[in-house]
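Trainee: One letter stands for each residue in the lines below.
Protein chains: 6
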Amino acid sequence: MKRVNTGIPGMDEVLHGGIPERNVVLLSGGPGTGKSIFCQQFLYKGVVDYNEPGILVALEEHPVQIRENMKQFGWDIKKFEDEGKFAIIDAFTYGIGSSAKKEKYVVNDPNDERELIDILKIAINDIGAKRIGLDSVTTLYINKPMMARKTVFLLKRVIAGLGCTAIFTSQISVGERGFGGPGVEHAVDGIIKLDLDEINGELNRSLIVWKMRGTSHSLKRHPFDITNKGIVVYPDKVLKIK
Amino acid sequence: MKRVNTGIPGMDEVLHGGIPERNVVLLSGGPGTGKSIFCQQFLYKGVVDYNEPGILVALEEHPVQIRENMKQFGWDIKKFEDEGKFAIIDAFTYGIGSSAKKEKYVVNDPNDERELIDILKIAINDIGAKRIGLDSVTTLYINKPMMARKTVFLLKRVIAGLGCTAIFTSQISVGERGFGGPGVEHAVDGIIKLDLDEINGELNRSLIVWKMRGTSHSLKRHPFDITNKGIVVYPDKVLKIK
Amino acid sequence: MKRVNTGIPGMDEVLHGGIPERNVVLLSGGPGTGKSIFCQQFLYKGVVDYNEPGILVALEEHPVQIRENMKQFGWDIKKFEDEGKFAIIDAFTYGIGSSAKKEKYVVNDPNDERELIDILKIAINDIGAKRIGLDSVTTLYINKPMMARKTVFLLKRVIAGLGCTAIFTSQISVGERGFGGPGVEHAVDGIIKLDLDEINGELNRSLIVWKMRGTSHSLKRHPFDITNKGIVVYPDKVLKIK
Amino acid sequence: MKRVNTGIPGMDEVLHGGIPERNVVLLSGGPGTGKSIFCQQFLYKGVVDYNEPGILVALEEHPVQIRENMKQFGWDIKKFEDEGKFAIIDAFTYGIGSSAKKEKYVVNDPNDERELIDILKIAINDIGAKRIGLDSVTTLYINKPMMARKTVFLLKRVIAGLGCTAIFTSQISVGERGFGGPGVEHAVDGIIKLDLDEINGELNRSLIVWKMRGTSHSLKRHPFDITNKGIVVYPDKVLKIK
Amino acid sequence: MKRVNTGIPGMDEVLHGGIPERNVVLLSGGPGTGKSIFCQQFLYKGVVDYNEPGILVALEEHPVQIRENMKQFGWDIKKFEDEGKFAIIDAFTYGIGSSAKKEKYVVNDPNDERELIDILKIAINDIGAKRIGLDSVTTLYINKPMMARKTVFLLKRVIAGLGCTAIFTSQISVGERGFGGPGVEHAVDGIIKLDLDEINGELNRSLIVWKMRGTSHSLKRHPFDITNKGIVVYPDKVLKIK
Amino acid sequence: MKRVNTGIPGMDEVLHGGIPERNVVLLSGGPGTGKSIFCQQFLYKGVVDYNEPGILVALEEHPVQIRENMKQFGWDIKKFEDEGKFAIIDAFTYGIGSSAKKEKYVVNDPNDERELIDILKIAINDIGAKRIGLDSVTTLYINKPMMARKTVFLLKRVIAGLGCTAIFTSQISVGERGFGGPGVEHAVDGIIKLDLDEINGELNRSLIVWKMRGTSHSLKRHPFDITNKGIVVYPDKVLKIK
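Residue numbers (UniProt numbering), protein chains in the order written: chain A, 1 to 242; chain B, 1 to 242; chain C, 1 to 242; chain D, 1 to 242; chain E, 1 to 242; chain F, 1 to 242.
Some clues are possibly wrong.
[To be verified] Label pairs and their computed distance ranges (CB to CB):
hint, chain 1, residue 1, chain 2, residue 2, range
1, B, Lys240, C, Asn228, 23 to 31 Å
2, B, Asn143, F, Gly74, 56 to 64 Å
3, D, Asp49, B, Glu176, 51 to 59 Å
4, D, Glu176, E, Asp109, 44 to 52 Å
5, B, Met146, E, Asn143, 40 to 48 Å
6, F, Lys237, E, Ile199, 29 to 37 Å
These are calculated hints, taken from the structure and not from any lab test. All residues carry an ideal CB built from backbone N, CA and C; glycine is no exception.
Use the sequences and the hints to build the structure in full.
Mentor: Structure, rendered in structure tokens:
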């Protein structure tokens with residue numbers, strides 16, 4: 001089975017070699033846990049280190065802001081957009097505003113799953129994408145939780161069908177034990193949980209791989225840091241919380 | 001009373017000889033606990049080791065993907081499908097897509113219990129099935145919880161009536177104490193719970209048989225592993241959690 | 001006050017002599033706790049050991065299956081049915097199916113309390129019943145909880161009015177502290193709770209009598225076993241949980 | 001301020017002299033805690049020991065059954081009913097049934113508060129009642145919780161206005177921390193909580209006076225027993241739970 | 001900033017000098033915690049010790065009963081009512097009943113906030129009130145929680161606008177952590193919480209000032225007693241619970 | 001990246017240099033935790049110490065009252081309003097009342113987001129504002145929680161688009177673990193939590209920065225005080241709670 005390297009130091013060791021190709025992985029965490037950074041690093045490193053084109057489906061932030069945020073970690077994605085190796089699908093602005101006019105891929109109504117999927121298919125074909133980041137999947141069903149499972153299945157079918165591997169970020173509440181609702185948790189191929197826990201008056205970052213179809217993986221909770229070069233995971237350390 | 005061997009190393013010891021024939025067993029667990037693997041192993045080993053034809057009712061995944069997943073454990077089910085010893089009932093694709101066209105048993109509307117049951121009866125007769133795996137029963141009533149009990153009774157009547165023994169996977173949330181709702185828990189003949197618990201920064205797998213009509217069974221929580229040959233249960237070990 | 005012996009070894013000692021006549025006792029427990037076995041043993045031993053005819057109102061299982069289940073404990077009830085000392089009221093099949101056609105007492109619509117009560121009255125008169133087992137009372141109001149209290153009062157009036165003593169099984173969720181809802185708990189004459197608790201990786205069976213009108217009783221939690229001859233309670237042992 | 005003696009050994013010490021006259025006291029407890037016995041003892045002893053006529057408003061049980069139950073503790077209330085010193089208001093049978101025909105005070109529709117209050121006023125005048133027991137007040141608003149506060153205020157006005165002192169039993173769930181809902185708890189003049197707690201595998205009875213307008217009272221949790229002569233409270237003992 | 005002395009021994013020390021003028025203070029507590037007594041003492045002592053006229057808005061009890069209750073602590077308020085230094089606004093009787101006819105300030109429909117506020121304004125002007133007690137504010141929105149915040153703001157504007165300082169009692173459930181709902185808690189100028197906690201089988205009274213705009217205050221939990229002369233707070237003692 | 005100094009002693013150290021420019025920061029806390037003071041201090045010190053004009057959007061209190069409150073900490077804001085360096089947008093009075101007539105910026109219907117945003121834009125342009133305080137953002141969606149995320153995004157776009165940095169106070173309940181709802185928590189650029197915890201009978205103030213886009217920050221819980229000169233944070237101290 002082919003593996004997709006995450007591009008996050010230490011993470012592939014945790015996954016015993018990377019994410020199995022075509023898997024859709026739920027990256028679940030509360031506010032401030034580093035979901036977006038993990039997702040962006042996965043895409044940027046894919047292009048730079050593995051020459052695998054990637055697409056970021058932006059549901060939470062303006063594409064302009066995303067490019068800015070990524071630059072802070074030294075990830076200049078504009079160049080790769082111009083080279084046709086990276087694409088942002090703007091599902092945030094609804095095509096409103098002057099800077100939105102410059103975006104190539106725009107979803108005018110993110111509530112319309114068919115439009116989102118059509119544009120995703122086009123973008124995948126255009127750049128020969130191998131990696132998809134969707135930030136966040138929660139936005140797609142925030143006001144229609146009954147549809148969550150169906151939406152995830154629809155996306156999974158397209159993404160895996162076209163040979164891509166994906167990370168879907170899932171927004172949960174602080175202290176929530178689940179990963180984003182039973183419908184979604186059971187539908188995805190893998191679950192990585194990012195946590196931020198207060199221990200003795202200090203916040204600690206850690207992640208744990210809860211499931212990953214097609215591979216064994218570390219069953220331990222690993223601490224990680226957010227540095228100015230992105231996320232670094234410590235596969236040799238274990239964090240024991242409560 | 002006749003027993004049905006699970007085909008899972010260590011599991012029959014836990015069950016004091018296997019699952020009593022005609023029992024419908026709820027296999028309950030959160031995401032990543034190994035429900036689908038347990039269910040597939042039960043069916044595959046049934047054919048290979050005990051010459052008992054089996055049917056997998058696929059509600060969560062594409063039949064093509066299921067065959068792929070099973071192959072990773074060395075379980076090549078295609079051959080037995082061709083020999084008429086194994087069947088997948090496709091209740092996932094709705095008959096949409098080219099590969100779905102090749103499936104023999106297709107439920108076009110999984111919300112229509114009567115259609116599902118009719119096709120199940122046909123398939124049981126066609127291959128002389130003795131084992132049924134239904135993955136997952138939760139899907140059948142996810143948006144109509146009031147119908148859960150009735151649905152389970154309906155299936156139970158057909159399956160036991162035709163002399164089959166069944167495993168129904170039940171999707172629950174992480175940390176949930178129950179097994180899938182009171183209506184279902186009391187209706188089934190047996191309950192096996194698969195758990196994934198974080199203990200001191202490490203995930204631990206274990207299972208416990210909560211009830212099994214027609215037999216005594218271990219009342220202990222047993223650790224298990226998911227190896228590259230499937231699930232292995234340790235009947236001589238006990239996991240003490242919390 | 002006259003007592004009704006339970007026929008369960010050790011249980012009468014726990015009840016300081018048996019259940020006071022005409023009491024309606026709620027037998028509450030989660031899945032797999034042994035409610036049905038307790039109820040069936042109460043009825044079978046009533047006929048065999050005390051010559052008290054009994055009626056089982058079957059709401060959860062097919063009468064044919066119930067006779068099978070009871071046989072596994074060596075309780076052959078068919079003979080007593082033929083002798084007019086035992087009766088099953090079939091409130092499960094709705095009169096559908098060939099084997100249901102052979103049942104003598106059939107409730108066509110269990111949602112119609114009046115029909116259920118009318119048939120119960122007839123059966124009580126037919127065999128001169130002294131004991132009633134109703135398995136489960138939960139089924140009667142599962143989709144109409146507001147009616148629970150009224151339903152229990154209605155049944156209680158008929159049963160006590162005709163001189164019978166009854167056990168109503170109540171299905172609760174795992175870990176639930178109550179006994180089946182405030183309306184019911186306060187309406188019945190007695191409450192016996194059956195528990196299945198995981199202690200250090202092992203399931204433990206125990207029961208506690210929470211209330212019993214008309215008698216003092218043990219206030220202790222007693223362990224019990226389900227053997228191949230039915231339930232055995234240990235009145236001299238106490239289980240301390242949590 | 002005049003005090004009303006409870007007639008329960010030890011209870012008046014706990015209340016520093018009895019219940020202040022005209023108080024409406026909520027007697028709150030789960031199933032099997034002894035609420036009805038406490039209420040009946042308060043009324044019976046009132047007649048026998050203090051020559052204070054009393055009325056029992058029966059909402060949970062048939063008047064015939066209540067007379068039976070009371071006899072078990074040696075409280076023969078029939079005689080006092082005949083002497084015009086005790087009355088049962090039957091708000092249970094709806095006037096249906098032959099024995100109900102013999103009852104003097106019958107509320108045909110307990111959902112009609114006005115009818116209940118009118119009959120209560122008549123009965124108070126008829127026998128010159130000084131004590132009222134209402135078992136249970138919960139029944140009056142079980143299916144209309146928004147009306148609870150208003151109902152209690154209505155009753156309180158009549159009862160206190162006519163110079164009576166009352167005990168209202170309140171049915172709560174096992175383990176519930178409150179006393180029957182905020183609307184009611186704040187409306188009554190006093191709250192006595194009866195508890196049944198499992199400690200180390202044994203049920204323990206205790207009560208605590210949570211509030212009592214017009215008097216100081218013990219702030220301790222006192223154990224009590226239900227003997228064959230009724231309730232006995234131990235004012236010199238304290239039960240420490242959890 | 002001018003301070004208003006509470007008239008409760010020890011309380012002004014806890015508040016570092018009294019309640020800042022024009023503050024609306026939420027006095028929050030479960031049943032039996034002493035909210036009404038605190039409120040009445042604040043008003044009575046205001047008239048007697050500080051010559052500050054006060055108004056009690058009575059939503060929970062009959063004005064006649066309130067005068068009785070206050071007398072038990074030696075607080076004879078009738079005299080001050082006659083002198084025009086104290087007023088009760090009867091928002092309890094709806095003007096029904098003969099004794100209600102004698103009340104000077106009657107709110108016929110407490111659900112009509114405008115009527116309540118109009119009468120409050122008149123009463124404030126009539127007696128030149130400086131202190132307001134409203135018992136309880138919960139009653140005003142018990143069946144319309146969405147209106148709570150708006151109601152409190154409306155009252156606050158009138159009361160502060162006319163130069164008064166107020167205590168609003170808030171009824172909460174036993175063991176509730178909040179003070180009466182987020183809308184209210186954030187809208188008031190101060191929060192004092194009265195607690196009644198069972199510690200080792202004994203009830204303990206304590207209070208804690210959670211916020212008080214315009215002043216520093218003790219951040220400690222202070223025990224208090226309800227004596228036959230009213231509430232006494234112990235500013236030098238600290239109660240550690242849980 | 002440019003930083004905005006908070007003007008709160010110790011806070012910039014906690015933030016490793018201040019709030020990154022254009023960030024919208026959620027300042028979340030229960031009643032009495034000091035949210036409004038933090039927000040006002042941020043604005044006042046901005047004008048005085050850094051010559052950065054600021055705007056306070058007042059949704060919870062009358063502008064007149066806000067000026068009063070600020071004066072108590074020695075922050076006389078009127079002068080800066082006159083100089084065109086500070087503005088209050090009155091979204092509290094609805095323009096009702098004589099003093100409201102004197103306000104320059106009035107939102108007549110705070111439920112109309114468009115009106116609020118239009119007036120905010122005008123005020124920002126008028127005074128060249130660099131800092132925005134919005135107290136509280138909760139008010140904007142208190143009765144329409146589904147709109148929370150959309151409202152925050154709308155405000156964020158305007159505020160960041162015009163080059164301002166903002167603090168939005170968020171009202172949560174006592175003991176609540178979250179920060180104001182998942183929709184909001186994930187939408188903002190930063191989260192600072194203010195806490196008030198009872199430890200051994202004494203209230204303790206502390207804050208923790210949960211996330212802050214564009215900067216590293218202390219991951220520790222720091223105690224703080226509310227002095228008569230405003231908030232002082234202790235960056236070298238850590239509070240360990242629970």
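Trainee: Run every hint past the structure and note whether it holds.
Mentor: Each hint tested on the structure:
Lys240/B and Asn228/C have their C-beta atoms about 29 Å apart, which keeps the hinted 23 to 31 Å range intact. Evaluation of the 56 to 64 Å hint for Asn143/B and Gly74/F yields a pass: the beta carbon distance comes to about 60 Å. Take Asp49/D and Glu176/B: their Cβ atoms lie about 55 Å apart, and the range 51 to 59 Å holds. A C-beta distance of roughly 34 Å is found between Glu176/D and Asp109/E, which places it outside the suggested range of 44 to 52 Å.
At about 29 Å, the CB distance of Met146/B to Asn143/E disagrees with the hint of 40 to 48 Å. The supplied range of 29 to 37 Å is met by Lys237/F and Ile199/E, whose beta-carbon atoms lie about 31 Å from each other.
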